[in-house]
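Colleague: These are the residues of each chain, in order.
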Amino acid sequence: AAGVIQSPRHLIKEKRETATLKCYPIPRHDTVYWYQQGPGQDPQFLISFYEKMQSDKGSIPDRFSAQQFSDYHSELNMSSLELGDSALYFCASRAGGTLRGGELFFGEGSRLTVL
Amino acid sequence: AQKITQTQPGMFVQEKEAVTLDCTYDTSDPSYGLFWYKQPSSGEMIFLIYQGSYDQQNATEGRYSLNFQKARKSANLVISASQLGDSAMYFCAMRVTNAGNMLTFGGGTRLMVKP
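If you're matching them up, the sequences are chains A and B in order. Heads up: the first sequence begins at 1 in the numbering used here, then just goes up one per residue. Heads up: the second sequence begins at 1001 in the numbering used here, then just goes up one per residue.
Among the hints, a few may not be true.
[What the hints assert, rightly or not] Within a straight-line C-alpha distance of at most 30 Å, the following computed DSBU-like cross-link-like pairs (lysine-lysine) qualify:
1. A/K52 x B/K1003
2. B/K1070 x B/K1016
3. A/K57 x B/K1016
4. A/K22 x A/K57
5. A/K57 x B/K1114
6. A/K57 x A/K13
7. B/K1003 x B/K1070
8. B/K1070 x A/K57
9. B/K1073 x B/K1016
10. A/K52 x A/K13
11. B/K1016 x B/K1114
12. B/K1003 x B/K1073
Quick caveat, the hints were computed from the structure, so don't treat them as lab data.
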C-alpha cells in the first residue's frame, strides 16, 4: 500500500540558507500535518492543512511557511535557517472524518542538518 | 490544553517477557483518541495501536495491547513476548476531536530488550 512520501530524506544546509521539504500524502487523504522532532525530543506540531487550507497552527516559527496544493501534496518552506532548526521533520496524513478517529500515517521523515 | 505524560525515560526488558509502558493523559474534552507509535533508531514513526475514548474494550493488535483506564486517564501499552526488534523509542500520543485533530506527543520511553 502507498505510504506518505517525504523528500528529501536528508538535507544539509548552511545557516541563513533556505530549505524546502515536500510531502506526498496517502492517496485520498485530504489532511496533512507537519511535525518537528529535535534531537532527543518528542515531535512538536507545526502546522496542518485540510482540503488545501490551513486548519491549525502550532509552534511554527515565522521564518517557516507551508502550503497544500491542489493535488494535496504539501511543502514546508524554511528560510534564514538557524542551527536550532536541525531536526527530523515529519509529515503525516489522514482522511478527514475517518470513523476510527483519524489515524495519522507518518512519512519516514526528512532529516535537516544546519551547519 | 492537552497533556501526555510518559514517566519512564528508559526501560529494560528480558527477551520473551512482557513489558508495560506507562502513559497518562489530561484533557477536558470527552472525545479523544489515544495512540502509540514506535520509533526505531532509523527514525520513522510506526503506528502500533489506537484507542478511542468511547471504545468499550481495550484495543489489541497482535502482541500489543492497550490497558485503557479512563477514570485514571491512563493508556498503558503492553507488549507481550518481547523481541530484540522491539528495542526502540515508544511515544504515546493523544488527539482531541475538538482541538484541531493534531497529535500531542508524550516525551517517549526508550525500551531496550535484552537477549
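Colleague: So if I understand the rule, the pair passes when the alpha-carbon distance is 30 Å or less; does A/K22 with A/K57 pass?
Modeller: With a Cα-Cα distance of about 18 Å, the restraint between A/K22 and A/K57 holds, given a limit of 30 Å.
Colleague: Are the Cα positions of A/K52 and A/K13 separated by 30 Å at most?
Modeller: 28 Å, holds
Colleague: Does the alpha-carbon distance linking B/K1003 and B/K1070 stay inside the 30 Å limit?
Modeller: 15 Å, holds
Colleague: Between the alpha carbons of A/K52 and B/K1003, is the straight-line distance 30 Å or under?
Modeller: 28 Å, holds
Colleague: Does the structure keep B/K1070 and A/K57 at a Cα separation of 30 Å or less?
Modeller: 29 Å, holds
Colleague: Next pair to validate is B/K1073 with B/K1016; report whether the Cα-Cα distance is within 30 Å.
Modeller: 29 Å, holds
Colleague: Between B/K1003 and B/K1073, is the straight-line Cα distance small enough, at 30 Å or below?
Modeller: Holds. B/K1003 to B/K1073 sits at ~11 Å (cutoff 30 Å).
Colleague: For the pair supplied as a hint, A/K57 and A/K13, confirm whether the alpha-carbon distance does not exceed 30 Å.
Modeller: 25 Å, holds
Colleague: With the threshold set at 30 Å, check whether the alpha-carbon distance from A/K57 to B/K1016 stays at or below it.
Modeller: 43 Å, violated
Colleague: Can the restraint linking A/K57 and B/K1114 be considered satisfied, given a maximum Cα separation of 30 Å?
Modeller: 41 Å, violated
Colleague: Keeping to a limit of 30 Å between CA atoms, is the pair of B/K1016 and B/K1114 held or broken?
Modeller: 9 Å, holds
Colleague: Compare the distance between the alpha carbons of B/K1070 and B/K1016 with 30 Å, and conclude whether the hinted pair is satisfied.
Modeller: OK: B/K1070 and B/K1016 at ~29 Å, within 30 Å.
The structure shown violates the earlier hints numbered 3 and 5.
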